[in-house]
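Using the sequences provided together with the hints, build the complete structure.
Quick note, the sequences are listed as chains D and Z, same order. Take 1 as the starting number for the first sequence in this note's numbering and just add one per residue. Take 1 as the starting number for the second sequence in this note's numbering and just add one per residue.
Honestly, the hints are just simulated from the structure, not real lab data. Just so you know, these numbers come straight off a predicted model, no measurement behind them. Idealized CB from N, CA, C, for every residue including glycine. Where hints are given, some of them may not hold.
What the hints assert, rightly or not - Each pair of labels, with its calculated beta carbon distance range:
#1 I337(D) x P127(Z): 49 to 59 Å
#2 L297(D) x N28(Z): 29 to 39 Å
#3 T70(Z) x S267(D): 20 to 30 Å
#4 T383(D) x P127(Z): 24 to 34 Å
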Amino acid sequence: MRWFLLVSLFSAPAWAFPWMVKHSYGSCAACHVDPSGSGQLTPYGRAQADVLVRWRTQPRKDEEEVPASANFLWFLELPEFLNLSGNFRYGSLIRPAAAVKFVPLLMATDLYATLNFGPIVAHATTGVGTYSTRAIAYSGPAAIAPLCDPSKGACSVQWVAREFWLGAKLADEAVMVRAGRMNLPFGLRNSEHTTFVRALTRTDFNIGQQVGLSAAYNSEALRGEVMGIAGNFQVGPDAYRERGYSAFAEYSISHSAYLGLSSLITSAVADLSTGLPMVRHAHGLFARIAPTEKFALLGEADFLAWQTPQQLDRLGFAALVQADLDLMQGLHLMGTIEGGHTGSGEPGPSLGGWLSAAWYFLPHCELRLDNIFRRNSSATAATFEYQLLIQLHLFL
Amino acid sequence: MDRTSLLLLLVLALPAWASDTFPAVIQNKYSLASQPPESCALCHTNFVTGLGTVNTPFGKAARLHGLVATNTAALNAALDAMATELTDSDGDGVTDVAELMAGTSPNQGSGTGGGAGGGGGGGTVLPPPRYGCGASVVPELLFFASLLPLLRSRRRRP
Chain D
1 MRWFLLVSLF
11 SAPAWAFPWM
21 VKHSYGSCAA
31 CHVDPSGSGQ
41 LTPYGRAQAD
51 VLVRWRTQPR
61 KDEEEVPASA
71 NFLWFLELPE
81 FLNLSGNFRY
91 GSLIRPAAAV
101 KFVPLLMATD
111 LYATLNFGPI
121 VAHATTGVGT
131 YSTRAIAYSG
141 PAAIAPLCDP
151 SKGACSVQWV
161 AREFWLGAKL
171 ADEAVMVRAG
181 RMNLPFGLRN
191 SEHTTFVRAL
201 TRTDFNIGQQ
211 VGLSAAYNSE
221 ALRGEVMGIA
231 GNFQVGPDAY
241 RERGYSAFAE
251 YSISHSAYLG
261 LSSLITSAVA
271 DLSTGLPMVR
281 HAHGLFARIA
291 PTEKFALLGE
301 ADFLAWQTPQ
311 QLDRLGFAAL
321 VQADLDLMQG
331 LHLMGTIEGG
341 HTGSGEPGPS
351 LGGWLSAAWY
361 FLPHCELRLD
371 NIFRRNSSAT
381 AATFEYQLLI
391 QLHLFL
Chain Z
1 MDRTSLLLLL
11 VLALPAWASD
21 TFPAVIQNKY
31 SLASQPPESC
41 ALCHTNFVTG
51 LGTVNTPFGK
61 AARLHGLVAT
71 NTAALNAALD
81 AMATELTDSD
91 GDGVTDVAEL
101 MAGTSPNQGS
111 GTGGGAGGGG
121 GGGTVLPPPR
131 YGCGASVVPE
141 LLFFASLLPL
151 LRSRRRRP
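Shown next, in the form of structure tokens:
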């Protein structure tokens, strides 16, 4: 296994975070179990996280050595068929102008397990999440138990299972077919899951997973995935479940420039926001460009439409542009501008600006600060809010 | 305005959704002395009209019963259906149509029975969403069970 890692580590580029385009990594499948990125890393991805992502003040000395942190818990070498890891993300949200000024956020405490038997892959995640009436969407749609009734107040801790799927790799691993509960293939898979592009399209990887069938394709020039959505069976009753499709395709213009298309149409008997029968559309473009090895630009713009059986109900949009600068390896400075409109009678769009810093201070350890400035537009008034989000993220 | 601009305007302009005549239609339908007291806010939240603003309890119930912007026939049909189903959007024990005829608000629990704001009258309102397995285990298992024949047929191939 170590020999395999050595060969693969220095023979092909790696792609993980959207900004990995800086390192000429376009496809996500080499580093992630999910062929379209995010979530559990492959052993190769764990090694790359140490080589390319972690903070270093000096270049690596032993270029030939596979980093020890490629192992589970930094030291435990697992058999080739078994991949165990985890994801812990804890945050503190500070809102100076709000009534509740300090909000602790247990964002993710997931354990990941993947079994590889030849071309067959089985993947599952399990963890706990918090639930409250203040933030019902926090982990609710990913919850397995307990059942929560918002009218009876907070339910504290829930058992959460975001992903569980069975897949098969075909065509020399260029194609992967999966069935189960998984992330929706749409747009940038950025870690800021509350951005308008993720929240308004309901495609964030914190709570946006659905059950369905998918086929993913990865090659040097093209990658994409199409998923038929059977619904989120962890939301009930059935009327609230969305069914339809979600898909994206991304083309490599060069080793440092990628352009993608996304499309999603779902239908529900009762929309989770309005309770009305609704067909939801989201269609958009996204791009990842790295002019230099130190700098990446990410962008996404999505057109949104909501349709009742009788008529077009409303139109909206969501857009994001993010610049990511490596001050040095493992130390990122990010600026994000975003906008969104739900078409619900707001006089103008909601706008946001993020000034963020991420420090990968140890292998698989990230400390992150987000200064979030938002002008939230509603039908009655526009409000301005500043939030400071501090996160500790460990990906075991 | 040049021809290109005019063409762009025609292509990109949203359709007009104003339903200015609806309060008068309701007044005439039930022979009321005046238009419903809430006027546009009977259906539109916070008096803001336009796409996506028909979100009051009564407005949502009307949409569930086929209300379409600017379409008075659809409004009449929706009101008739709500009368038949005894829809009570604010859950105060008085049906929406009865409240319209009495000049009270079908959105604010102004009737004589029940509690205010509960909604759920007329048997058309869904329970709030629940999160967790609940009744979902069976359909989820059915989904995976439906995949088994595919796996079997794949194994049978030489």
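A quick look at each hint next to the structure:
1. I337(D) x P127(Z): 49 to 59 Å: violated (40 Å)
2. L297(D) x N28(Z): 29 to 39 Å: Since L297(D) and N28(Z) have Cβ atoms about 59 Å apart, the given range 29 to 39 Å is violated.
3. T70(Z) x S267(D): 20 to 30 Å: Holds - the Cβ-Cβ distance for T70(Z) and S267(D), about 24 Å, lies within 20 to 30 Å.
4. T383(D) x P127(Z): 24 to 34 Å: holds (31 Å)
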